[in-house]
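First to last, the protein sequences are chains V and L.
The first sequence begins at 351 in our numbering and counts up by one.
The second sequence begins at 351 in our numbering and counts up by one.
Take the hints with a grain of salt, since some may be wrong.
Here are the computed distance ranges between Cβ atoms for each label pair [unchecked claim]:
no.	chain 1	residue 1	chain 2	residue 2	range
1	L	ASP428	V	LYS448	26 to 34 Å
2	L	ASP390	V	PHE393	28 to 36 Å
3	V	THR373	L	ARG412	43 to 51 Å
4	V	ASN509	L	ASN483	57 to 65 Å
Not the full set, but computed from the structure, chain L residues with beta-carbon under 8 Å of chain V [unchecked claim]:
no.	residue
5	GLY401
6	LYS432
7	VAL439
8	GLY445
Cut-off 35 Å, straight-line C-alpha distance, at most; resulting in silico cross-link-like pairs (DSBU-like, lysine-lysine) [unchecked claim]:
no.	chain 1	residue 1	chain 2	residue 2
9	L	LYS471	L	LYS461
10	L	LYS448	V	LYS448
11	V	LYS410	L	LYS448
12	L	LYS410	V	LYS410
13	V	LYS420	L	LYS448
14	V	LYS448	L	LYS410
Rather than coming from a laboratory, the hints here were simulated on the basis of the structure.
Built from N, CA and C at the ideal position, the CB exists for glycine as well.
Number of protein chains: 2
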Amino acid sequence: MSLTILGVDPGSRITGFGVVRITNGKIEHINHGVILLDADMDFAMRMTELGSAFREVMEKYRPHQVVIEKIFLGKNADSAFKLGHARGVVMYEAGLGKATVAEYATRSVKKGITGTGAASKEDVQAVLKAMLNIKVINRIDASDALAMACYHAFEMKKNAVIQKAVSI
Amino acid sequence: MSLTILGVDPGSRITGFGVVRITNGKIEHINHGVILLDADMDFAMRMTELGSAFREVMEKYRPHQVVIEKIFLGKNADSAFKLGHARGVVMYEAGLGKATVAEYATRSVKKGITGTGAASKEDVQAVLKAMLNIKVINRIDASDALAMACYHAFEMKKNAVIQKAVSI
Chain V
351 MSLTILGVDP GSRITGFGVV RITNGKIEHI NHGVILLDAD MDFAMRMTEL GSAFREVMEK
411 YRPHQVVIEK IFLGKNADSA FKLGHARGVV MYEAGLGKAT VAEYATRSVK KGITGTGAAS
471 KEDVQAVLKA MLNIKVINRI DASDALAMAC YHAFEMKKNA VIQKAVSI
Chain L
351 MSLTILGVDP GSRITGFGVV RITNGKIEHI NHGVILLDAD MDFAMRMTEL GSAFREVMEK
411 YRPHQVVIEK IFLGKNADSA FKLGHARGVV MYEAGLGKAT VAEYATRSVK KGITGTGAAS
471 KEDVQAVLKA MLNIKVINRI DASDALAMAC YHAFEMKKNA VIQKAVSI
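If we strip away everything but chain V, and leave its shape as in the complex, we get (with noise of 0.2 Å):
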């Protein structure tokens, strides 16, 4: 049996995803991509676009939980009010195909998969690679939505084996 997890980084110009497998708790890269919007483009419009393109990825992949990243509210109101329109376009397409959706911080993902919470997004990057035996991620939104994906394989596998102990 394996589980398909899909990693976000949803953006109102830029979203980033990546996608893992775990089978017999071995995890593997599926793939990674970004989807671009047209800056230009009316917002409303934008939202149409990337609902749809994003459904595409939920379909073409399946994912049984989507990943994305938690966000503490920054200084910048405004910013914070366009990445929710675009999250809640992703959580409403995920929800539609029957994912689980799951959040954690920024931090958390870092520390996860470097050892360090201060890590840097080409820190992260050079990580995945390596241990997805990934050589090109073109785009830092992907990396950031793989690792992701990859943070959240962890805490199912950690999980398991706890459920496992539990269970001895």
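With chain V's structure known, arrange chain L on it following the hints.
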């Protein structure tokens, strides 16, 4: 020829909607209501519930235009962030339903309906009831949405008159 306008007041717990139709320059009330979401439900799941319920509204009334309140961000970034999610879902479904999306500031809508931008929600509701010949509007969210649809209908009529005058 008639034009159907759907006003929406999105929210992560309550989303109001109101539908009007313009036929030969006459504005007619079609329906109004609210989409209520279970506040105890997981937020991501609520977005799927909202999107699915809003899709039903879109499919039932098939509006040519959807009108949403334009937001000026206040100090509460957290609620703006949550609201953003609900707006994103509504915009996405509006686009899927081939409707154009318009946004108006609350103040403009209040002024257009009652004559003053400082009118209370109750004032707006009273004028709407008289104007559209509606006996009861149960929820203030539905009445806000209906006010937006009506205001947009006024704007449409005004523009049509201007275009007619220009073409003479």
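Worksheet item: Taking 35 Å as the top limit, are the C-alpha atoms of LYS410/V and LYS448/L close enough?
Response: holds (24 Å)
Discussion item. Run the distance test for LYS448/V versus LYS410/L: straight-line Cα separation, threshold 35 Å.
Written reply: Given that 35 Å is the threshold and the Cα spacing comes to 24 Å, the pair holds.
Worksheet item: Regarding ASP390/L and PHE393/V, is the given constraint of 28 to 36 Å on their beta-carbon distance met?
Response: holds (31 Å)
Practice prompt. Using 8 Å as the Cβ threshold, decide whether GLY401/L counts as touching chain V.
Written response: holds (4 Å)
Worksheet entry | Restraint status (C-alpha distance of LYS410/L to LYS410/V at most 35 Å) | Holds. LYS410/L to LYS410/V sits at ~30 Å (cutoff 35 Å).
Practice prompt. Using the beta carbons of ASP428/L and LYS448/V, state whether their distance is inside 26 to 34 Å or not.
Written response: Between ASP428/L and LYS448/V, where Cβ atoms are some 29 Å apart, the hint holds.
Practice prompt. For the pair supplied as a hint, LYS420/V and LYS448/L, confirm whether the alpha-carbon distance does not exceed 35 Å.
Written response: The hint holds at about 32 Å.
Item to complete: Starting from the range 43 to 51 Å, see whether the pair THR373/V and ARG412/L falls in it by beta-carbon distance.
Response: For ARG412/L against THR373/V, whose Cβ atoms are near 45 Å apart, the range 43 to 51 Å holds.
Worksheet item: Does the interface hint hold: is LYS432/L within less than 8 Å of chain V, judged Cβ to Cβ?
Response: holds (7 Å)
Worksheet item: Going straight from one Cα to the other, do LYS471/L and LYS461/L come out at no more than 35 Å?
Response: Cα-Cα ~12 Å, so holds.
Item to complete: Classify the hint on VAL439/L as holds or violated, based on whether any CB of chain V lies nearer than 8 Å to its CB.
Response: holds (5 Å)
Worksheet item: Does the nearest C-beta of chain V fall within a distance shorter than 8 Å of the C-beta of GLY445/L?
Response: holds (3 Å)
Violated hints for the displayed structure: none, as all numbered hints are satisfied.
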